[in-house]
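Dock chain to chain to rebuild the complex, using the hints, since each chain is given by itself in its own frame.
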Amino acid sequence: MTQAPNARALDEHLQEMVLALHAAVSRAMSHLNDDPALVDRAIRDCEEILDVVLEGNVAEWLGPAT
Amino acid sequence: MSTSVFTDKVEAADFPKMDGEYHDLLVRVLRIQADCEIGGPHLYVRNILPSAPSKVDQLIVARTAAEEADHYRKVARLAGDIGVDVSDILSRPNRERYVNAFRGEITTWEDFAVFGFLIDRVGRYQLEEFVGCTYAPLDRILPDILIEEQGHIDYGHNKTAEFAARGGEARERIQKVVDFWYARALDMFGSAGSRRSERYLAWGIKRRANAQAREEYMREVKPLIEAMGLQVPDPNAGREFV
Numbered sequence: 001m002t003q004a005p006n007a008r009a010l011d012e013h014l015q016e017m018v019l020a021l022h023a024a025v026s027r028a029m030s031h032l033n034d035d036p037a038l039v040d041r042a043i044r045d046c047e048e049i050l051d052v053v054l055e056g057n058v059a060e061w062l063g064p065a066t
Numbered sequence: 001m002s003t004s005v006f007t008d009k010v011e012a013a014d015f016p017k018m019d020g021e022y023h024d025l026l027v028r029v030l031r032i033q034a035d036c037e038i039g040g041p042h043l044y045v046r047n048i049l050p051s052a053p054s055k056v057d058q059l060i061v062a063r064t065a066a067e068e069a070d071h072y073r074k075v076a077r078l079a080g081d082i083g084v085d086v087s088d089i090l091s092r093p094n095r096e097r098y099v100n101a102f103r104g105e106i107t108t109w110e111d112f113a114v115f116g117f118l119i120d121r122v123g124r125y126q127l128e129e130f131v132g133c134t135y136a137p138l139d140r141i142l143p144d145i146l147i148e149e150q151g152h153i154d155y156g157h158n159k160t161a162e163f164a165a166r167g168g169e170a171r172e173r174i175q176k177v178v179d180f181w182y183a184r185a186l187d188m189f190g191s192a193g194s195r196r197s198e199r200y201l202a203w204g205i206k207r208r209a210n211a212q213a214r215e216e217y218m219r220e221v222k223p224l225i226e227a228m229g230l231q232v233p234d235p236n237a238g239r240e241f242v
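Respectively, the protein sequence lines represent chains A and B.
Using my numbering, read the first sequence as starting at 1 and increasing by one per residue.
Using my numbering, read the second sequence as starting at 1 and increasing by one per residue.
Excised from the complex, chain B in its bound form (with noise of 0.2 Å):
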């Protein structure tokens, strides 16, 4: 198989000429992202945000969800600009979304805080892979979308911290809550022998191959949870794909 790597920039106006290939995978990504991030916000909102511990943190769940809903719109208007409609995924029921993680509720402020800590950061991955992609029009909306996830991610990490640092039967209820996301994070990065994750490769569209996007996050994760005094999850206990 050909190892070469389209490089040049395709703007909206260019898309009609491109490959059909390109068409598919562009189409394909830009409707998974959509959906995973108007997915977290169905995931928690009905149950978290009236229930928060603190008026502080309820305004916090309502600014996140906020800003996921603008990380879908943003999306779905580059969807729009090529022709595919996505508002559809707006309502669809959560047992329908594309990705596992985002299937079902979080009804745990434990929950809650630990969505953020590990599958916040795959989010951040995810959007990571398409820094300096050959969409252009992705690429530029990325900048901002990345500094408001990171926002997630550390308010997740923080609040997980602090129920690890209560010990007792708290830090044991963190852990299998911890335990639980892990092994729905490292779903998220696809199978290590996915030919699609070739094809957004060769394509420009991603940079990083599924495996080693993986390896990367379980790298950055394991010294925070270590410093929680928590452990390291075993990576395939619980897992769909590898």
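Bound conformation, chain A alone (with noise of 0.2 Å):
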């Protein structure tokens, strides 16, 4: 079966901002009552990555399909 071009590019690329999206919200969620700067950062930060996601600008992503 042939893949789609850049399946496993997209796949990947999109991994890895979900994976930092994770990581922001659970910065944040560990440290909600001791760092109100950690957690407005992290906020803005999700807000960043989710800003891309959602512009779902694949070809400047990855360049254009091989």
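Please keep in mind that the hints were generated in silico from the structure rather than gathered at the bench.
Please read these numbers as outputs of a predicted model, since none were measured by experiment.
Using N, Cα and C, we set each Cβ at its ideal position, and we do this for glycine too.
Check each hint, because a few of them may be wrong.
If the Cβ cut is set under 7 Å, some of the chain A residues that face chain B in the computed set are [as the list claims (entries may be wrong)]:
#1 Thr2
#2 Ala7
#3 His13
#4 Val39
#5 Leu50
Put into structure tokens, the structure is as follows:
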């Protein structure tokens, strides 16, 4: 079966972004009571990562399909 | 019409040998599922992540969106493995989403809560259709996705109940929001006389007819809505499909 171009590369790129989101959320949840600045930074990081995900500019993420 | 059901298990390597109808049905299922998974975050991230009532709520919104993006990733990979590129769905404008419930924007916390309570619950029903399905790769990705969707549903349920418990105007507002999303939820199950629905069953891709799944959903949510002291909306009000 022929895969769609960039299927694996897109999968890996999205997985990195999802892991980054989860890491930011986990970090912030651990410091809710003792480091409000860290929590705010983590929320902003999540907003930035989600902006990229939802923009969905796959050509920019991966380059032209091969 | 034959009532036989296809029960073989199909892997990606088998897909090219399958009947053209199976191709079309599976590709449609994967495209719609991918669209719904990423459609949710497109509805609410922009407005609700910055404005959620507390830092914890903001983080939960972010985590919810991350999980939905991951669900999209998994479905997109399945599609890619059979040669179907669904990357265009990532950036599709909301107004072009397959399902009406995902066209528009969510701008209030009440809407976000009820969306989780009612619409993510339909999402769970749709995913459950594929449990044990003939396309084995799809069956395999479901367990983790279903656990995460249940988390979204529970959070939405709790937040909806909190609004209802405040009474007065807050309860009236949340009732209106429930009325709005309930109609959209019921429509997500499709029309009762759908021929495509019969073909999904015949090919072992889905487990239930549209009407049966919708009835089961209504039976599930009725006591949950009533337990909050809210009224179950008229199931025929505001509907596009029956």
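Against the structure, the hints:
At its closest, the beta carbon of threonine 2(A) sits 5 Å from a beta carbon of chain B; the interface hint therefore holds under the 7 Å criterion. A least Cβ separation of about 3 Å between alanine 7(A) and chain B falls short of the 7 Å threshold, and the interface hint therefore holds. Interface hint status for histidine 13(A): violated, as the beta-carbon distance to the closest one in chain B is roughly 9 Å, over 7 Å. Look at valine 39(A): its Cβ gets to within about 5 Å of chain B, closer than 7 Å, so that hint holds up.
About 5 Å separates the beta-carbon of leucine 50(A) from the nearest beta-carbon of chain B, less than 7 Å, and the hint is met.
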